[in-house]
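Each chain, letter by letter, is given below.
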Amino acid sequence: MRPRSAIYLASAALALAALTLAGSLPSDAADKIDPVADAKAFRKFFTDKFPKVKLEDFVNGPYSMNEDLYRQWQEKEQFPPYEFSLEMGKEMFSKPFKNGKTYADCFPNGGIGVRQNYPYFDEKEGKVITLELALNRCREANGEAPYSYVRDEMAALTAYMAFTSRGKPMDIKIPNDPRALAAYENGKEYFYTRRGQLNFSCATCHVQSPGERIRAEILAPALGIVNAMPIYRSEWSGMGTTSRRFTTCNSQIRGVPFSPQDDEYRNVEYYLSYVSNGLPISGPGARP
Amino acid sequence: MRIKMLRSVLSLVLLAAGPTYATAAGSEDDFKAAYAAAEAANKEAGSLRNQWTTTAATLAAAKKAADAGDFDKATASAKEAEALAKASIFQATSEKTRWKDMEIR
Amino acid sequence: MASSIRVRATSSGETTEVQALIQHPMDSGFVKDAKGEIIPAHFIQQLTFEYDGKNVFTADWGGGVSKDPYVKFAFKGGKKGDELKISWVDNKGATDTTTAKIQ
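Protein chains in written order, with the numbering used here: chain A, 1 to 288; chain B, 289 to 393; chain C, 394 to 496.
To be clear, the hints were calculated from the coordinates, so they are not data collected in a lab. Certain hints may be false.
What the hints assert, rightly or not - Distance condition first, Cα-Cα at most 35 Å in a straight line; then the derived DSBU-like pairs of lysine-lysine:
hint : chain 1 : residue 1 : chain 2 : residue 2
1    : A       : Lys127    : A       : Lys32
2    : C       : Lys469    : C       : Lys485
3    : A       : Lys173    : C       : Lys425
4    : A       : Lys127    : A       : Lys54
5    : B       : Lys388    : B       : Lys361
6    : A       : Lys32     : B       : Lys352
7    : A       : Lys124    : B       : Lys388
8    : B       : Lys320    : A       : Lys49
9    : B       : Lys384    : A       : Lys173
10   : A       : Lys76     : C       : Lys472
11   : C       : Lys494    : A       : Lys95
12   : A       : Lys76     : A       : Lys168
13   : C       : Lys428    : B       : Lys352
14   : C       : Lys469    : A       : Lys95
15   : A       : Lys90     : C       : Lys469
16   : B       : Lys361    : B       : Lys320
17   : B       : Lys388    : A       : Lys173
18   : C       : Lys472    : A       : Lys95
19   : C       : Lys425    : C       : Lys465
20   : B       : Lys388    : A       : Lys44
21   : A       : Lys40     : B       : Lys331
22   : B       : Lys320    : A       : Lys124
23   : A       : Lys49     : A       : Lys124
24   : A       : Lys76     : C       : Lys460
25   : C       : Lys425    : A       : Lys76
26   : B       : Lys320    : C       : Lys465
27   : B       : Lys320    : A       : Lys127
28   : A       : Lys76     : A       : Lys52
29   : C       : Lys472    : C       : Lys460
30   : C       : Lys469    : B       : Lys361
31   : B       : Lys352    : C       : Lys465
32   : C       : Lys460    : A       : Lys168
Keep in mind the model is a prediction, meaning the values are calculated, not measured.
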């Protein structure tokens, strides 16, 4: 049999198998989007799975999953590796643009202590706005070139803004707007959808296997996972943004990443942040 | 349980779609046809927002072999790339409903 | 310009524990940049901690040490209020030095 026909046949067989399996699923037409119920179930899943971990400790990712790692991390927090990037971020944040304005002019409360409100749903635009996106829009509105979403400058800026919100509970709002609910649901779908040749979803690692190892790393639980962003990763020898993490994770599972801040990424950040509401901001974080 | 089944079936497809060789000596025309088919499939995967990095890498390998004049190898790589692209299409379409199985409820 | 060396030294009476974080690229000389060109080697070759005129800790480093290195060690002795001097020299001949009071 010629190879191509074999592939078609196999695909058809699979499609048929998938259909017969899907036929036994309950109808989803009646499912309402209920973020409140989702968040409750999400939190319960992780607290049930790790009864000894305090709720607020989930934001420490792998450190909440392994005592030895936790001890080493606590020691390093006395001289955190992200200190230099944080300082740079503070300097950058207060430096005026060429037109004399500053980042403070673009954000509520001058951008201090507001990180826990991002992402938010912009009802005028009908889309999710993340902190990184807001920062670049601020730059462009003031005649400056936008920063790359995956490099040091954006990482330093978001590190500083996160630092000013340390300890504050994540506080994401979903307005009673079908577009906001759709964005939230789209983010949730992205989170659970398997992709890449390795056929992993975000959930494969962070829901099915937190605390377990993938190669030499210990996996973080999905609950509170964005609360520590941006993170100084020893692997990166530097501070990296949420965008960087989303895109590099995609390529690690052999999926071609989207462009940073594409809708799917904004929406998954929205979803993950919302289901982690109430947990403290711990950023900028340090990770192996 | 369903997930395990599907995973093993999916990996069977990927294995079945492994390197294959043309029964006759590969010609440039064979390569061009195979490459076009692979590119088209990968483009469709792109429209589904689900391309694999290995598809692009295999396409590049196919082109490289063709440029060096090795059309046997080039055609084989192109067919492998098409299989990868088709698998990524299957993944995208099946995951549209399958994702709910993973959801915490 | 701010020093590249952050240091904290705490005396427990018998021993003094020292932690230091140093800002330095620590380029090994084996990594290529986006254009495919080698980033030249640029790393600290020697790091010294001096107390009471004597070296209490010397590190001879090569390109295998990561960027922004963190060091932690303890030495016998050291009194609260005394000074600890830290210096480094890199392969380009650049240096930095700082002093810290033992807490």
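State the violated hints by number, sorted upward, taking the hints as numbered earlier in the document. 3, 5, 6, 8, 14, 15, 18, 21, 22, 23, 26, 27, 30 and 31
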